[in-house]
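The listed protein sequences correspond, in order, to chains E and P. Everything in the first sequence is counted per this note's numbering, starting at 1 for the first residue and increasing by one. Everything in the second sequence is counted per this note's numbering, starting at 1 for the first residue and increasing by one.
Think of the hints as simulated: they come from the structure by calculation, not from any bench. Heads up, the beta-carbon is just placed ideally off N, CA and C, and yes, glycines get one too. Just so you know, not all the hints are guaranteed correct.
Stated by the list, open to error - Per the computed footprint, the stretches of chain P lying under chain E, defined by three or more beta-carbons under 8 Å from a beta-carbon of chain E, are:
#1 581–591
#2 595–605
As the list claims (entries may be wrong) - Negatives, chain E to chain P, calculated, CB over 12 Å:
#3 N4
#4 E196
#5 A197
#6 A290
#7 V291
#8 M292
#9 P389
#10 I466
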Amino acid sequence: MTSNLIIDLMQIIMLTATTVVVMVTAAFKRDHAVVCGLTVFGLFASLMTFLLIKPVLPFAATELLMIDEYSLFFSNLIIVGAIAVALLAYPYFRNHSAQNEEFYILLLTATLGAVVLACSNHFVAFLLGVEILGISLYAMIAYTVHDTSSAKFPLEAGIKYLILSALASAITLFGIALVYAFLGTMGFDEIPAALEAAGEPGPVFIIGVLMIVAGAAFKLSLVPFHIWTPDVYEGAPVPVTAYLATVSKAAMLAVTLRLLLASNALEFNAVTAVLTVMAAASMIVGNLLAVMQENTKRLLAYSSIAHLGYLMVVVVAAAQVENALSVEATSFYMLAYFIMSLAGFAVISAISSSVKELDQLSDFRGLFWRNTWLSSVLIIVLFSLAGIPLTAGFIGKFYIFSIGVEGELWFLLTILIIGSAIGLYYYLRLIYTMMQPPESISNDPAAMQIPAGVQVVLVTMTIAIIYLGVYPAPMINTLQSLSGAF
Amino acid sequence: MLELFWLVPVIPFIGFLILTLTFGKLPQVYAGIIGAGSIGLSFLFALLAGSSFLAADITAYSQTLWTWISVGDLEVGFTFYLDGVSLVMMYVITGVGFLIHIYATGYMSGDPSFSRFFAYMNLFVSAMLILVLADNLVLLFMGWEGVGLCSYLLIGFWYTDPNNGYCARKAFVMTRVGDAFMAIGLFALFISTGTLNIQEAMFNAEAEWVVGSGIATAVTLLLLGGAVGKSAQLPLQTWLPDAMAGPTPISALIHAATMVTAGVYLISRTHVLYLLAPDVQYLVGVIGMITLLMAGFTALTQNDIKKVLAYSTVSQIGYMFLALGVGAWGSAIFHLMTHAFFKALLFLTAGSIILAMHHEQDIFKMGGLRKDLPWSHWLFLIGTVALVALPFTSGFWSKEEILASALEHHEGGYLLWLGGVAGAFMTALYSFRLYFLVFYGKKTHDGHEVMGWHLQGPLVVLAILALIGGYIHIPVEAVFPEVAEHHPSLFYQAIMIGLPMLGIYIAWLIFIKGKLDLNKLAGQGFGAKLHRFWYTQWGMDWLYDKVIVSPYVWLAEFNKSDVIDSFYNGSARVVRFCHDIMSETQTGQLRWYAISVAYGLLVLVTIGVLL
Numbered sequence: 001m002t003s004n005l006i007i008d009l010m011q012i013i014m015l016t017a018t019t020v021v022v023m024v025t026a027a028f029k030r031d032h033a034v035v036c037g038l039t040v041f042g043l044f045a046s047l048m049t050f051l052l053i054k055p056v057l058p059f060a061a062t063e064l065l066m067i068d069e070y071s072l073f074f075s076n077l078i079i080v081g082a083i084a085v086a087l088l089a090y091p092y093f094r095n096h097s098a099q100n101e102e103f104y105i106l107l108l109t110a111t112l113g114a115v116v117l118a119c120s121n122h123f124v125a126f127l128l129g130v131e132i133l134g135i136s137l138y139a140m141i142a143y144t145v146h147d148t149s150s151a152k153f154p155l156e157a158g159i160k161y162l163i164l165s166a167l168a169s170a171i172t173l174f175g176i177a178l179v180y181a182f183l184g185t186m187g188f189d190e191i192p193a194a195l196e197a198a199g200e201p202g203p204v205f206i207i208g209v210l211m212i213v214a215g216a217a218f219k220l221s222l223v224p225f226h227i228w229t230p231d232v233y234e235g236a237p238v239p240v241t242a243y244l245a246t247v248s249k250a251a252m253l254a255v256t257l258r259l260l261l262a263s264n265a266l267e268f269n270a271v272t273a274v275l276t277v278m279a280a281a282s283m284i285v286g287n288l289l290a291v292m293q294e295n296t297k298r299l300l301a302y303s304s305i306a307h308l309g310y311l312m313v314v315v316v317a318a319a320q321v322e323n324a325l326s327v328e329a330t331s332f333y334m335l336a337y338f339i340m341s342l343a344g345f346a347v348i349s350a351i352s353s354s355v356k357e358l359d360q361l362s363d364f365r366g367l368f369w370r371n372t373w374l375s376s377v378l379i380i381v382l383f384s385l386a387g388i389p390l391t392a393g394f395i396g397k398f399y400i401f402s403i404g405v406e407g408e409l410w411f412l413l414t415i416l417i418i419g420s421a422i423g424l425y426y427y428l429r430l431i432y433t434m435m436q437p438p439e440s441i442s443n444d445p446a447a448m449q450i451p452a453g454v455q456v457v458l459v460t461m462t463i464a465i466i467y468l469g470v471y472p473a474p475m476i477n478t479l480q481s482l483s484g485a486f
Numbered sequence: 001m002l003e004l005f006w007l008v009p010v011i012p013f014i015g016f017l018i019l020t021l022t023f024g025k026l027p028q029v030y031a032g033i034i035g036a037g038s039i040g041l042s043f044l045f046a047l048l049a050g051s052s053f054l055a056a057d058i059t060a061y062s063q064t065l066w067t068w069i070s071v072g073d074l075e076v077g078f079t080f081y082l083d084g085v086s087l088v089m090m091y092v093i094t095g096v097g098f099l100i101h102i103y104a105t106g107y108m109s110g111d112p113s114f115s116r117f118f119a120y121m122n123l124f125v126s127a128m129l130i131l132v133l134a135d136n137l138v139l140l141f142m143g144w145e146g147v148g149l150c151s152y153l154l155i156g157f158w159y160t161d162p163n164n165g166y167c168a169r170k171a172f173v174m175t176r177v178g179d180a181f182m183a184i185g186l187f188a189l190f191i192s193t194g195t196l197n198i199q200e201a202m203f204n205a206e207a208e209w210v211v212g213s214g215i216a217t218a219v220t221l222l223l224l225g226g227a228v229g230k231s232a233q234l235p236l237q238t239w240l241p242d243a244m245a246g247p248t249p250i251s252a253l254i255h256a257a258t259m260v261t262a263g264v265y266l267i268s269r270t271h272v273l274y275l276l277a278p279d280v281q282y283l284v285g286v287i288g289m290i291t292l293l294m295a296g297f298t299a300l301t302q303n304d305i306k307k308v309l310a311y312s313t314v315s316q317i318g319y320m321f322l323a324l325g326v327g328a329w330g331s332a333i334f335h336l337m338t339h340a341f342f343k344a345l346l347f348l349t350a351g352s353i354i355l356a357m358h359h360e361q362d363i364f365k366m367g368g369l370r371k372d373l374p375w376s377h378w379l380f381l382i383g384t385v386a387l388v389a390l391p392f393t394s395g396f397w398s399k400e401e402i403l404a405s406a407l408e409h410h411e412g413g414y415l416l417w418l419g420g421v422a423g424a425f426m427t428a429l430y431s432f433r434l435y436f437l438v439f440y441g442k443k444t445h446d447g448h449e450v451m452g453w454h455l456q457g458p459l460v461v462l463a464i465l466a467l468i469g470g471y472i473h474i475p476v477e478a479v480f481p482e483v484a485e486h487h488p489s490l491f492y493q494a495i496m497i498g499l500p501m502l503g504i505y506i507a508w509l510i511f512i513k514g515k516l517d518l519n520k521l522a523g524q525g526f527g528a529k530l531h532r533f534w535y536t537q538w539g540m541d542w543l544y545d546k547v548i549v550s551p552y553v554w555l556a557e558f559n560k561s562d563v564i565d566s567f568y569n570g571s572a573r574v575v576r577f578c579h580d581i582m583s584e585t586q587t588g589q590l591r592w593y594a595i596s597v598a599y600g601l602l603v604l605v606t607i608g609v610l611l
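So here's chain E without its partners, still in its complex pose:
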């Protein structure tokens, strides 16, 4: 029993241990390469423990955490994302004048928070995860604060994220308090039984749930809680932006979906109505805002708002279709979005460094002629984001579509189509910019050699995008097993 508990918590334990090791190492020997290497090694080791965990699933590790196929999939995704970010961070911070070692500690704690979030089955674990992740992120976003030439406003971005996150946490907490006041329970899967015992749910309970959803929506940057996204994405160093866009989103989505499905909250019209509004608004507003955007990080921020909106279509549909199907679709889309975003930010990071970030659209002018490989990756990523066939993004969108049709969400599907059409414009605009003749070749940062770490991320993610787009069957089979959790 206890041995199973230890095995099931192995990933979390390994992450914590790595954090401590890295912290101690950094205290004794300040060596960027060593610390980064240790971090990647530790992350990889904790990723590999899933082989141990897999046979003893599912397992409720205390009341707080639920380790099952579903949580394991998302924690693996999170750790892979963290490895990729560490690989991007090393060359990025190499020329950074201040001390870099702490960044990796923050990265590890943030990842720890994200994994906790993905496993949480209880409001306490939920809050713990959110805060571990959040507090690490504040520091990570503002990490290059002393570097005046780097990302333009790291401090501003950090402060904005801090204050607004605090606001969102307050809303979430209030919501949790209201739900607890009504039901007297904090475990996700205990909610349905408690509801039955409590009788007809009053506005207090509904408002409570809505406030929790709003808190989650903030982290997922769904409209109308999206406003922080572009500023923070733009202000943060590229690897951190990549982290925000992928790991933070995946963890939050995992817990939100579990909460909604385990608590049967989708049975309430109020919840589905609010989710529908948020989904529709995110798809429209996100895409509209991106149309004339001149900064690629902001562009990807807006596009992430739209993509999370697409994902919400599946969550809304979960009220009508089988849980298994919506979990499968959500996981696939999240996976696809995760890979595309990582690859996209990897490209930006390849031509940037902490000394100088090149994230303006004009910096990409003629990239195709200056660095064909890099721009080819970005083109594949953009095609995938736009949902062009033979890419992972297409399969993901197809999933959303078929589930939307099954759930008969005609309104949301119409919005989805309109949103995708607008989306195509700004993705193609970026491709068009890259195809323009370059202004000058001389001392061109993009012509420099791409660092090995970034190269690894680029190659892996590109292969993954195409592989999932051409031959998604094995991944779909894996994802079908996730639904056993519900």
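Based on the hints, put chain P in the right spot on chain E.
For chain P alone, coordinates are given in the frame of chain E:
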């Protein structure tokens, strides 16, 4: 050897791949060896496969390479089908094609795009072979479009001259009109017979369709549309003379010997359908007759050596259509083959003359060349007599068969026969006009023969075939319904032999003896008008320009600020406008951000509670 028969279309394709992937960096010698050699090899395999096919004494043989498309019940194989007709076509394409390729290695030597030329030629041969060997409609259509593409590429081969590009586009667009009809026809055939396999479709159609029914008429008319486009028959014949802009070997290969016969092949391949729609079948004959006469008159007035030959091609394919119209399927294929021999010979010899005259193509600037160009003279004469169908040449046998069948045809055959015989007279007149003008009369320009084994060698082979090709027996009895042997009475035979002779005599009188002052006749009054009318191929180009091009241009002009575009521009403007409004919300001010979160929450909770 029959199992290797799939190599026949594949080898030219490999040749195409090699020539393309070397980006023209291959030395000319190797490019020539690959270009012509691949066709030669293909011809060799065709011979081997053909001989074992004939020895096996079977009616048809099909070979599936792989499944091409498989969706639900629909399965399209990459399958080749060999029977008597496709065998003859395969021989003509690879055999005549091989000779032309050899000739082209000489003709094109020194051209900077030598390798590109052979790449296109190989692709063309491959596509044409796929067309004739296709087992199903989809594969046939692929080959059909493939030859269209290659024709376009090759007509515009010398692309630096904008006029060549114009000619290529014209050919492409005109044939495209036919292709659209054909595609619809194929769809209709597929829907009504439920299969894409050609033989099965024929079988089902025969079992289910009523003779003269609407569906039979519609499908055959639509397929006829494709056929007249590719084979340059009325009303889509205007592109072929322009197609002469390409290098002469192309004119010989595509626009005389092979591609333009695709329409004839298509109709004979689907002859079962035409038997179910007798009216359309008769229409095929009428179209052939009118085209052959119109083209004959036009050929009489041209002064470009290649244009004369081009119109004579249009006219000869008219004969093939006439044959199809009277149900003489075998004769059509027979004439297709003999025509391939003598027309390839004529074109290639014309190419030699053009080479000798330093790319001069105007026949009035030639004259008296029989001493300077003895080879060309004799070869051209052989080609001409075969074209005119003097007795015992190859053209004689095939044309004789066609006219005899027309004469025997129950209703309306007599009319077609009359047209055909008149056409034979015209053929003699314009052919010998060309011959006399080029080789007799006053010498105005010096020319000297360009010699080389790859120039004269293929020509000699073709000349022999043009003379004795009529004795070749084509094994198509198993494919087509049996036709009784026709032996017209002596009176008709005399007319059919005598009229071409008369044509030659008149040509001799006019162009050698000068009995008739042509300049006076064609220079003024009605004669001049008629001359111009014929010269511009009966005003067809003018008519199309007025009826189709001008209104279209007018419409385009009128709709300059596209009505439909304005919808899209409008929606783009709406998006832009919304974007601008949305952008206003991104102020970058924290206090506004915080309050927006609060308001957002308020709105959502309100929605939630109200519901």
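Evaluation of the provided hints:
For the stretch 581–591 of chain P, the stated coverage by chain E holds: 6 residues have a C-beta nearer than 8 Å to a C-beta of that chain, and at least 3 were required. Under the rule that three or more residues need a Cβ within less than 8 Å of chain E, the assignment of the stretch 595–605 of chain P holds, with 9 such residues. Every CB of chain P is more than 12 Å from the CB of N4 of chain E (nearest about 41 Å), matching its label as outside the interface. Its beta-carbon lying about 21 Å from the closest one in chain P, E196 of chain E satisfies the requirement of being farther than 12 Å from that chain.
A197 of chain E, annotated as away from the interface, keeps every beta carbon of chain P farther than 12 Å; the closest lies near 23 Å. With 12 Å as the threshold on Cβ separation, the claim that A290 of chain E sits away from chain P is violated: the shortest Cβ distance comes to roughly 8 Å. The claim that V291 of chain E lies off the interface is violated: its Cβ sits roughly 4 Å from the closest Cβ of chain P, which falls inside the 12 Å cut-off. A beta-carbon of chain P is positioned within 12 Å of the beta-carbon of M292 of chain E; the least distance is around 6 Å.
Interface exclusion of P389 of chain E from chain P stands, the closest Cβ pair being 16 Å apart, more than 12 Å. Every beta carbon of chain P lies more than 12 Å from that of I466 of chain E, the smallest distance being close to 23 Å; the non-interface claim holds.
Violated hints, listed in ascending order, are 6, 7 and 8; each of the other numbered hints is respected by the structure.
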